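**Q** Chain B: place on chain A using the hints.
Protein chains: 2
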Amino acid sequence: MTLDDSYLQKFGFIKRETLSSINIDPLQTGGLLTEAARKALAEWGDGYSVCDYCGGVLDQIKKPPIEAFVHKALPEFLGCDKARVTNGARESKFAVMHSLGKPGDWVVFDGLAHYSSYVGAERTGLNIKTVPHTGSPEYYLEPEGYGTAIEEGIKEYGKPPALALITYPDGNYGNLPEAKKIASICHEYDVPVLLNGAYSVGRMPVNAKELGVDFVAGSGHKSMAASGPIGVLGVREEYAPIVFKKSRYNKAKEIEFLGCTARGATIMTLMASFPEVVQRTRNWDQEVENARWFSARLEDMGFIQRGQKPHAHDLMFFEAPRLYEISQKVKKGRYFFYKELKKQKIHGIKAGLTKYFKLSTFGLGREKLGIVADSFEEILQKYEEL
Amino acid sequence: MTLDDSYLQKFGFIKRETLSSINIDPLQTGGLLTEAARKALAEWGDGYSVCDYCGGVLDQIKKPPIEAFVHKALPEFLGCDKARVTNGARESKFAVMHSLGKPGDWVVFDGLAHYSSYVGAERTGLNIKTVPHTGSPEYYLEPEGYGTAIEEGIKEYGKPPALALITYPDGNYGNLPEAKKIASICHEYDVPVLLNGAYSVGRMPVNAKELGVDFVAGSGHKSMAASGPIGVLGVREEYAPIVFKKSRYNKAKEIEFLGCTARGATIMTLMASFPEVVQRTRNWDQEVENARWFSARLEDMGFIQRGQKPHAHDLMFFEAPRLYEISQKVKKGRYFFYKELKKQKIHGIKAGLTKYFKLSTFGLGREKLGIVADSFEEILQKYEEL
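Quick mapping for you: the protein sequence lines, in order, are chains A and B.
Counting in my numbering, the final residue of the first sequence is number 367, and the numbers go up one at a time with none missing.
Counting in my numbering, the final residue of the second sequence is number 367, and the numbers go up one at a time with none missing.
If we strip away everything but chain A, and leave its shape as in the complex, we get (with noise of 0.2 Å):
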């Protein structure tokens, strides 16, 4: 193969199908850019735009005002002493794990937690240990089954866990776990606790002190309004002088960080939005309101929701008897109803689904969540009579 003119065609600008649709994908309803992110991208889209006046340190840049969002009202949103940017909540994770631990050291999992929480402790090379949920239909995690893995652990490698982790809420089922009674039981064994908020922080209120965990992992691309990758990190005082180590090479470079993350227009995306991803944690409230309606609607039609009930998060997962069945008898199979929706202008639900998928009502809206829930009933009609 030669990178030649003809071959080299497929790349350079290329459009996104999906802009028209209303995205239900829960990786897409919190990512969505609000018009200063827009414009911020626009003016910062340059490779390493933001280090055009950077002394060395990317979290001390005063022109933008990186300084101030990291220091002060990142830790303040995020209710933690201090505070990083990352490339994303994975890597926050992994920095948390990667500095805390050593190879052949374990840790403590929920059963729900996110597959790059497993593979950054793979990575660090940590043992896991998973606290089970009661599975279908709550899938509901016992804060006391962390006391209980933690003893287990103890037993089975011979000394406690590096960390314990909390998946607040997990992806599947968008089950909000009971963080602060599981914070204050791991405490109880002195073990550090890593809230992952790849799905709440930017969402909903989320306040680490508040709920007593040493560290919050956020996600800017998921759910704080911002163009990815990038993350957030807070971590309590006492972890800073472990997670935040200097580089013995470097004064002024992180280890952890590997000197610098968020390095272009992703963090001024999260800035630009940030004002906008304030106010609406404040309006969480009606999300939630938002997610039960839209549950309600859907039960109506015989989708059964799975997870918490009520429910408390915009991620929810619905199993859907009905639309299986149909999908054994169409042409088309199990993708008739992804292209139902594609007609509809609706997308995020996986092409194939139609027994169990999950979907996200966050930042929707009424109106439009209406227009899904028609859209729903209206292929259960259209199939009604096979």
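One should not assume that every hint holds.
No distinction is drawn between identical chains; accordingly, a pair holds when it is met within one copy or between any pair of copies.
To be verified - Below 25 Å or equal to it, Euclidean Cα-Cα: the simulated DSS-like pairs (lysine-lysine) are:
1) K313 / K190
2) K136 / K20
3) K326 / K313
4) K323 / K43
5) K83 / K232
6) K140 / K83
7) K161 / K44
8) K331 / K313
9) K324 / K140
In short, the hints are calculated from the structure, not lab data.
Model, not experiment: these values are computed from the prediction.
**A** Chain B in isolation, oriented as in the chain A frame:
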């Protein structure tokens, strides 16, 4: 502090002051977006936009054509068997070091290695042995120095190094070491070689196979006209199972990339600029000619270019005894030069520097380079009598 409206006002959209300047900061010249990338940024700015059609693996996304880009175009461009996108050149280097080495192992670095290489090794727990350069004025790196370092290190650590690194070119003098010779020497000791091409990949032709290196790291935001943070990593076939090892918890996810890296608009800008970036590496001779022409003009004014001569890269380091002399006498002291340049709308030489500074001529063309050289000359003339 509370996050009230008046405080939050300092964030939101912020103008980029330097946008109207000629920017000669080596960090910035290769990262200026192309028109196609600007359009891509607007189209794909939302959080996780590229994931609309993701089946679970970023580099297997067919729409947009990330799969073709990562698995066909990039390996061809880098001259390597396999490639991935990462969150930056430093993250590429860390992935290689972390997968090849374990705490207590050691690595060989050239004496001009970037700080992020040091921090990456430190994060992995690797000891570092450096190959000395010849110091001022050439800072030349003797290829045989790698053999000496490897032999000395084997005596010191009782084992061969996990990796040798070549910084190509370094970020201070823009020196291009004899990578092919160095790689061949390292291979005599069966030591794999990583080329740090943060300042070369996307500016000039870099072909891992031709140079005989096993890994090549490149930077999207530094040298490939992409919005950051994003990088590329090329890997020789035999090392792919190590660096791209999959998680035991999730067979689709690669451990060193935490499952997924450039999951947003960054990859779309990299792909959008790619056709032009391929093209510009083919015009590299003209860039080198421009750099030499600019260097000659500055030397005519009494500046002294340090590093390789004749120079073979756009990144150059100058000594400026006359500017330093002036700075000792003028009111504004060492900031006078920065302020004078600012008046002329030239940005990129760090505020406060006069005696030594670096700059880049990349992509500016003769006309803009002429304006910069003329401005330097005018500033010298203005203070002639001092």
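**Q** A separate judgement is required for each hint: does it hold in the structure or not?
**A** Taking the hints in turn, this is what the structure says about them:
1. When the C-alpha separation of K313 and K190 is checked against a cutoff of 25 Å, the pair qualifies neither within a copy, at 51 Å, nor between copies, at 47 Å.
2. When the C-alpha separation of K136 and K20 is checked against a cutoff of 25 Å, the pair qualifies neither within a copy, at 55 Å, nor between copies, at 57 Å.
3. For the homomeric pair K326 and K313, the shortest alpha-carbon distance inside one copy (18 Å) is at most 25 Å, but the shortest distance between copies (61 Å) is not.
4. Taking CA atoms no more than 25 Å apart as the test, K323 paired with K43 passes between copies only; the shortest distance there is 18 Å, against 46 Å inside one copy.
5. In the homo-oligomer, the alpha carbons of K83 and K232 lie at most 25 Å apart both inside one protomer (23 Å) and across protomers (24 Å), since each shortest distance falls under that limit.
6. Within a single copy, K140 and K83 get their C-alpha atoms as close as 13 Å, and across copies as close as 22 Å, so both meet the 25 Å cut-off.
7. For the homomeric pair K161 and K44, neither the shortest alpha-carbon distance inside one copy (38 Å) nor that between copies (42 Å) is at most 25 Å.
8. With identical chains, the CA atoms of K331 and K313 are at most 25 Å apart within one copy only, with a shortest distance of 15 Å there and 62 Å across copies.
9. In this assembly of identical chains, the alpha carbons of K324 and K140 never lie at most 25 Å apart, being 56 Å within a copy and 63 Å across copies at closest.
Going through the hint list in order, the structure does not satisfy hints 1, 2, 7, 9.
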